[in-house]
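Heads up: the sequence lines are chains A and B, in that order.
Numbers 1 to 317, taken from this note's numbering, label the letters of the first sequence in order.
Numbers 318 to 919, taken from this note's numbering, label the letters of the second sequence in order.
Hints were generated in silico from the structure; no laboratory data involved.
In this text the structure is predicted, and so the values were computed from the model without any measurement.
Take every hint as true, because none was put in to throw you off.
For lysine-lysine, the following DSS-like pairs were computed, each having C-alpha atoms within a straight-line distance of at most 27 Å:
no., chain 1, residue 1, chain 2, residue 2
1, B, Lys792, A, Lys162
2, B, Lys792, A, Lys151
3, A, Lys254, B, Lys674
4, B, Lys792, A, Lys139
5, A, Lys169, B, Lys792
6, B, Lys757, A, Lys254
7, A, Lys64, B, Lys792
8, B, Lys792, A, Lys138
9, A, Lys151, B, Lys645
10, A, Lys254, B, Lys830
11, A, Lys162, B, Lys813
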Amino acid sequence: MSGQPTDRADRAREGLTRRHFLGWSAAAIGVAASGAAIGGCSDEPRFQNGIVPSGVDLTDPYPKVPGPPDDVPVPGRLLWFTTDEGEAMDALLAVILPGSADDPGAREAGVLTYIDYKLATVPGGVAVRHYSLGPFAKKVDPGTPVPEPTKDAVFVPKDQLKRYGPQGKLDAHGQYRNGLKSLDTFSRSTGGAPFAALDAGTQERVVGALADDTATGFDDPGAQTFFNLVRGDIVEGFLADPIYGGNRGMTGWKLVGYPGAQRGYTPRYVEGFEPELSPQSLMDMPRFHPGQPEGPNVVLPVSGSRGGHEAAEHQGR
Amino acid sequence: MARQRKVDVVTIGGGWTASILAWKLGEAGLRTVSLEQGPERWANPTFEHNHDSLRFSVRKAMMVDISRETWTWRPDPTLPALPIREFGSFHPGMGLGGSAIHWSGQLWRFTPNHFKYRSRWEDHYGKDKIPENCTLQDFPVSYDEIEPYYDAFEYDIGTSGVAGNLRGEIQPHGNPFEGPRSRPYPLPPLVDTMWGAKFRDASASLGYHPFPQPSGILSEGYTDATGRARSGCLYCGFCTRFGCEVDAKGSPITTHVPLALATGKWTVRTGCYVLDIAVDRSGRATGVRYLDPNGDEQFQPADIVVCSAYTLTNVRSLLLSKSDAHPKGIGNDRGQVGRNATHQLDMVLAEGLFADKLRSYSANTSTMEIVCDFLEDNFDHSDLDFIGGSMIYSSPGEREPVTDAGSFPMVSKGSGHLPVVKSSSGSDAGKPPNWGQAWKDSLRGWDHYAAVMIQGDSLPYEHNTFDLDPVYEDKFGRPLLRFTFDWTDNERAHVKFMSERCAAIMRGMGPTKMSSADELQPYSVVNYQTTHINGGAIMGTDPGSSVTNSYGQVWDTPNVYVTGAALYPFNPGLNPTNTLAALAYRTAERMAGSDDPTELME
Numbered sequence: 001m002s003g004q005p006t007d008r009a010d011r012a013r014e015g016l017t018r019r020h021f022l023g024w025s026a027a028a029i030g031v032a033a034s035g036a037a038i039g040g041c042s043d044e045p046r047f048q049n050g051i052v053p054s055g056v057d058l059t060d061p062y063p064k065v066p067g068p069p070d071d072v073p074v075p076g077r078l079l080w081f082t083t084d085e086g087e088a089m090d091a092l093l094a095v096i097l098p099g100s101a102d103d104p105g106a107r108e109a110g111v112l113t114y115i116d117y118k119l120a121t122v123p124g125g126v127a128v129r130h131y132s133l134g135p136f137a138k139k140v141d142p143g144t145p146v147p148e149p150t151k152d153a154v155f156v157p158k159d160q161l162k163r164y165g166p167q168g169k170l171d172a173h174g175q176y177r178n179g180l181k182s183l184d185t186f187s188r189s190t191g192g193a194p195f196a197a198l199d200a201g202t203q204e205r206v207v208g209a210l211a212d213d214t215a216t217g218f219d220d221p222g223a224q225t226f227f228n229l230v231r232g233d234i235v236e237g238f239l240a241d242p243i244y245g246g247n248r249g250m251t252g253w254k255l256v257g258y259p260g261a262q263r264g265y266t267p268r269y270v271e272g273f274e275p276e277l278s279p280q281s282l283m284d285m286p287r288f289h290p291g292q293p294e295g296p297n298v299v300l301p302v303s304g305s306r307g308g309h310e311a312a313e314h315q316g317r
Numbered sequence: 318m319a320r321q322r323k324v325d326v327v328t329i330g331g332g333w334t335a336s337i338l339a340w341k342l343g344e345a346g347l348r349t350v351s352l353e354q355g356p357e358r359w360a361n362p363t364f365e366h367n368h369d370s371l372r373f374s375v376r377k378a379m380m381v382d383i384s385r386e387t388w389t390w391r392p393d394p395t396l397p398a399l400p401i402r403e404f405g406s407f408h409p410g411m412g413l414g415g416s417a418i419h420w421s422g423q424l425w426r427f428t429p430n431h432f433k434y435r436s437r438w439e440d441h442y443g444k445d446k447i448p449e450n451c452t453l454q455d456f457p458v459s460y461d462e463i464e465p466y467y468d469a470f471e472y473d474i475g476t477s478g479v480a481g482n483l484r485g486e487i488q489p490h491g492n493p494f495e496g497p498r499s500r501p502y503p504l505p506p507l508v509d510t511m512w513g514a515k516f517r518d519a520s521a522s523l524g525y526h527p528f529p530q531p532s533g534i535l536s537e538g539y540t541d542a543t544g545r546a547r548s549g550c551l552y553c554g555f556c557t558r559f560g561c562e563v564d565a566k567g568s569p570i571t572t573h574v575p576l577a578l579a580t581g582k583w584t585v586r587t588g589c590y591v592l593d594i595a596v597d598r599s600g601r602a603t604g605v606r607y608l609d610p611n612g613d614e615q616f617q618p619a620d621i622v623v624c625s626a627y628t629l630t631n632v633r634s635l636l637l638s639k640s641d642a643h644p645k646g647i648g649n650d651r652g653q654v655g656r657n658a659t660h661q662l663d664m665v666l667a668e669g670l671f672a673d674k675l676r677s678y679s680a681n682t683s684t685m686e687i688v689c690d691f692l693e694d695n696f697d698h699s700d701l702d703f704i705g706g707s708m709i710y711s712s713p714g715e716r717e718p719v720t721d722a723g724s725f726p727m728v729s730k731g732s733g734h735l736p737v738v739k740s741s742s743g744s745d746a747g748k749p750p751n752w753g754q755a756w757k758d759s760l761r762g763w764d765h766y767a768a769v770m771i772q773g774d775s776l777p778y779e780h781n782t783f784d785l786d787p788v789y790e791d792k793f794g795r796p797l798l799r800f801t802f803d804w805t806d807n808e809r810a811h812v813k814f815m816s817e818r819c820a821a822i823m824r825g826m827g828p829t830k831m832s833s834a835d836e837l838q839p840y841s842v843v844n845y846q847t848t849h850i851n852g853g854a855i856m857g858t859d860p861g862s863s864v865t866n867s868y869g870q871v872w873d874t875p876n877v878y879v880t881g882a883a884l885y886p887f888n889p890g891l892n893p894t895n896t897l898a899a900l901a902y903r904t905a906e907r908m909a910g911s912d913d914p915t916e917l918m919e
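Pulled out of the complex, with its shape left as it was, chain A reads as follows (with noise of 0.2 Å):
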């Protein structure tokens, strides 16, 4: 996307590398730069002082949990749904937060882009580091005996299990693509057609019954279940910084009254003193590097007397 500050480029450009930063860090507080050697991790014969191992790219410490993509998703191409999904999930996106052209809701907003970006792009869809090695939870009836742990189930009474968080065995893609399949079957039963050529009326119903768990014939997920992953991924899609594909014009912010990236506010707006201001995504967010001279579009600390310009003089050396 144009216009798009890609992050690698303009740290090769900023120079930005380790070797740059720890000789700024090792002047700035009086080492001896010869004192803060950088060695392997396996093989010591003296003592180093510092951290090490090298080569570690500080600017993405977290490279397991996936920030922004390089290119904003583009809309209308689907990359994991099938058609006949793509359809059905455009249909109940538009049912649990509707818009239109004038007052944008989850469809106009590209939550589906969004969503499907996530499952195509995440393993197993799932974005959140998570525990997923059994035994996995089995439920028994409230009232009856626990049986003891086996290596293949932990039992649970039905009515406990929900204080324990998500126990189930099914990933992002699992519950998707076995929801929608639910969701078909039900929506054929219930009003003699698949979710998206149902009426209004009747897609409202079979939204009802997901949310209160009436709906029949889901198992794994649950009907309920579903319900609150879509949902969940609705409110990811719809509000989240347009960087991820949803969030399309920024439609989620100004409905909710959220300036999104900004680099900061002074303690006269926080008070409720200054307009407030238009939302703002992080591509369009300036970079802010210590040293950088302060502009229109630049807002270096303000908040105290004695306050960043200094501090940014001093990083800067």
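We have chain A; now place chain B onto it with these hints.
Leaving out everything else, chain B in the frame of chain A:
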């Protein structure tokens, strides 16, 4: 297994207490190696372009890798324990600086009464006032002993606030219930907010004593102990769960990591995952076994081993370190490791919608007003059916819609589920709408919202414990730590009492709509509570009822130390950071001055 060069001290974790010890011990000439499971990171360049709520708040980029190691939980022994598969009630971090990079900066001193908590209740209300099965103990140090270390830490990192008690003189606009401090805060308080002002006016008109949250975030530029001038806060709204790009938020990487590196005596090895503590035949620690970034096993010999990680990691490290000399783990010869496990009451008890937009997305999680009129024994408990208390606070700033619009307008923090706007038809009648046009319309009020909340104490009980899980294992086949925890009648009565106070304050704040909760729901790991899990390896005066002495030295293995909130005999309902740092200062000073810190120090 490769053997590293022997050093004086090895710490498990590279966070705040580790860097404090490495600094003070380094200046005394001791060499320290810290093994940190996460990556290196700094304000620049790591945090310079991080205003991304999805990656950091939703996907929790800075938190520990629970795909490798998580925890199991059960409410009580009659129910099975299951693993926490997705982040829920607490969010420990990893990486250089630990959780103190993504923390909120809320900086509390425990009160003089907190340090002698059991004695306080017994002396004033009799022994029968202590709830059944409650194992509450006093700290083995007093407020007066710890005050100089609080003071040093507050000035070393730079802190913002209004003193309430200056050398015994009560000061206006501060917290009149705090212990005497020898100096005022180095900096004035953080910005006054619209929601905070409403809370302050409402609580003052009820006769309470509101004051701004004391904070480790700089309100103005400040030259800290490193000699470097740091920026004041930008109030950017990306603070808790984020690293600060201008170093306004005090943290190990702003201050103690540079100080420790400057001694020339500290090595931090990142990406290193500790397996256990090794002991010799007599039961003394000889070093730690760990996996390096390539997954190869290494041994780091040391005269002293410090468990300086998160509460749960420290307790698990002790329990996993089994040997012939310590068959139940280090520190556990008398069965004390894992006892006195506490969490914290932290919940929304009243919420309201207001006519004006509040800009609640701005500022940070330290920008709030507080009353301590109902903390610890600041109010008469003679006719009450509980002990303990809460600080009551306004909701803070830096709200992010992607994290809380999903539960809006029903807030589900802790156990408080409170409808503000009710659905009038269908099966959702009486519940707030969570889909359709009604939900969408409610989202338009997102920035018109404020809450009144409590952070209350959690007392230790016989039945709330940590131990090794018999079923679930980490990625390397070793048992996970099992947390057995639920609330009791004492906390239920506590919350009921606080609810009425919170509702009264909210009414005074002038909302157009409001609601309040009056019942504490059973504990659950689903919703975020706080990361302030305390206890499990508590300090005390008696080896028969504690794990360490007042320096965190393990009674049965004196060359093993524990730092952090695992040492606290209970949870006082205040954020733990200031106290764990002050205790680390005290321990480091004592170690540096000792002829032999591998033996029990008086």
